[in-house]
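Top to bottom, those sequences are chains A and B. 930 is the number that our numbering gives to position 194 of the first sequence; each next residue is one higher, with no gaps. 149 is the number that our numbering gives to position 168 of the second sequence; each next residue is one higher, with no gaps.
Do not rely on the hints blindly, as some may be mistaken.
As the list claims (entries may be wrong) - Over 12 Å on every C-beta distance to chain A, these chain B residues come out as not near it, computed from the model:
1. G(-11)
2. F0
3. L3
4. G50
5. G80
6. P103
7. S129
8. S144
9. A219
10. L250
11. L261
As the list claims (entries may be wrong) - Below, a list of computed lysine to any residue pairs in the SDA-like style, where the Cα atoms sit at most 20 Å apart:
12. B:K180 / A:D813
13. B:K268 / A:F827
14. B:K180 / A:S811
15. A:K942 / A:I918
By construction, these hints were calculated from the structure, which means they are not laboratory data. All C-beta atoms in this analysis are idealised placements derived from N, C-alpha and C, irrespective of residue type, glycine included.
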Amino acid sequence: MEKAFLTVENLNKRYTDDGLPVFDQVSFGIDKGEFVCIIGHSGCGKTTILNVLAGLEAPSGGVVIMDQREVKGPSLDRGVVFQSHALMPWFSVLGNVVFAVRSRWPDWSRDKAETHARRFIEMVGLKGAEHKKPSELSGGMKQRVGIARAFSIEPKMLLMDEPFGALDALTRGVVQDELLKICSATHQTVFMITHDVDEAILLADKIFLMSNGPRARIAEVVVNTMPKTRTRETMHHDPQFYRIRNHLVDFLVHRSRRIQEAGAEDVVTRVVTPGLEQGAPEPLDNFPQAAA
Amino acid sequence: MKPAAQLGWRAGLISLALFGCLLLVWHLATAPKQSVENARAAASSATSADDEYAKLMGKSSSSPVKTSGFPGLAQMGETMRKELANPFYDNGPNDKGIGIQLGYSLARVGLGFAIAAVVAIPLGFLLGMSPLMQRALNPFIQILKPISPLAWMPLALYTIKDSSISGIFVIFICSVWPMLMNTAFGVASVRRDWLNVAKTLEVTPLRKAFLVILPAAAPTILTGMRISMGIAWLVIVAAEMLVGGTGIGYFVWNEWNNLSLTSVIFAILVIGVTGMVLDLFFARLQKLVTYTE
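Construct all of the structure, not just a fragment, from the sequences and the given hints.
See below:
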């Protein structure tokens, strides 16, 4: 297997020494420019995996290698968009982004940092709101500032923990479109947690499905075979959409638990392309891939 | 906006009415005695010898009212007028204007409070950031905190050997605790998300302290400072009564020794108003650093 841009090998995490691990034998790779969504029930350790990738939490075992370097601790190479947006309420919109920019390039002048920050604020469609405080913004706008902040440091990889979880459906759609636009323009590598199946199909090139915890695994990697040009408005006319969607929902409703109950010692992560299957509810293992 | 304004008006009106009632009660409680005394004084038709005797006693026979116990409103007004007309006169150590005395007290409180802030806020940062130090220093803080600041006075006088500096020390020791505790609490409870943002941005410790933790904890720290200032202002009066020399507390005690109740009441009012102004100042500061999420 060719080394991917980001490689995760045999990651596991246990919070008590004698307890079961929340997840174990988690291995996957993400290529440069790939958009990956991870879906799974609460408690399967998605956020922990993201925190490990961000360097905010240490795994109990396993390694994460990004760009040939082991991930040990947080780094400006990985931008994080937090679920709760995590804007600093004492800074304005501009101040929040400038804070990030100046952390990335400490020797930049204030003017240069501001110009750079403004570019990203404009990119998420918040031109004109630069001097507002976060408390004056709606939830969607706050999250956009969070995205602008993460993009502004031009990270090698973007990590997003349910960035749209707290938004209403309409706002969510608008911000998703914006994110899609920015990502395809910048070829950003993204790892994103979501609970929303449609969101995953719209945004992701690959969707990782996690079985239930404890001992959660990445059970399947669903390759999104829909054309890159898909949009929120037209996506559901593509017959592939429902095949992928059904596959994901089936997994979440039935198989995620069954896999955990089966509790095989060595779980093989299957790579599946349900979009291409014709009327086959259970796809075959066409690309078996051994887990580490 | 309108109902709020109306509420303000009505509250103000009631306040005024209450104030009026208070003055009226005061007047009524002191007035009848006056008239009786007056009448008696008139009836006994003071002789020149009586006059002389009264003068020797520091009283003037032309206004025998002053001999009656509690001062009336008119005397009160007279004292206030005199004190306010010339608040900065200085006729030697036992007779200084209220402005000078207040200045001494404010200077002591300001100095003691400033030193306390310089010590408490960095130390509070340390306690808030390091659970180890928090636990290690906790026993000391818990024992030292409940000690009445005046209990330190003899020790301070013995070691420092200067009453004025001892006063400052007492202010320091009483204002240090609320600031320390609040700073430690504020720093310890900075939202995890903000710290994580700082971590993922690899923010240098100094920038993190000043741009993330300080603004995040500022409202809590200011609350501590406000409480400290309140306590310091309570304590300074007692401390100055004890050590004497200068200050508003000494002024109260001195006027009590002079049996000038109007001056005592006047000083009490000044203490109250100054305390309120100090509190308002900190409330304003607090509003400046408070953020809404």
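Violated hints, by number in ascending order, as checked against the structure: none
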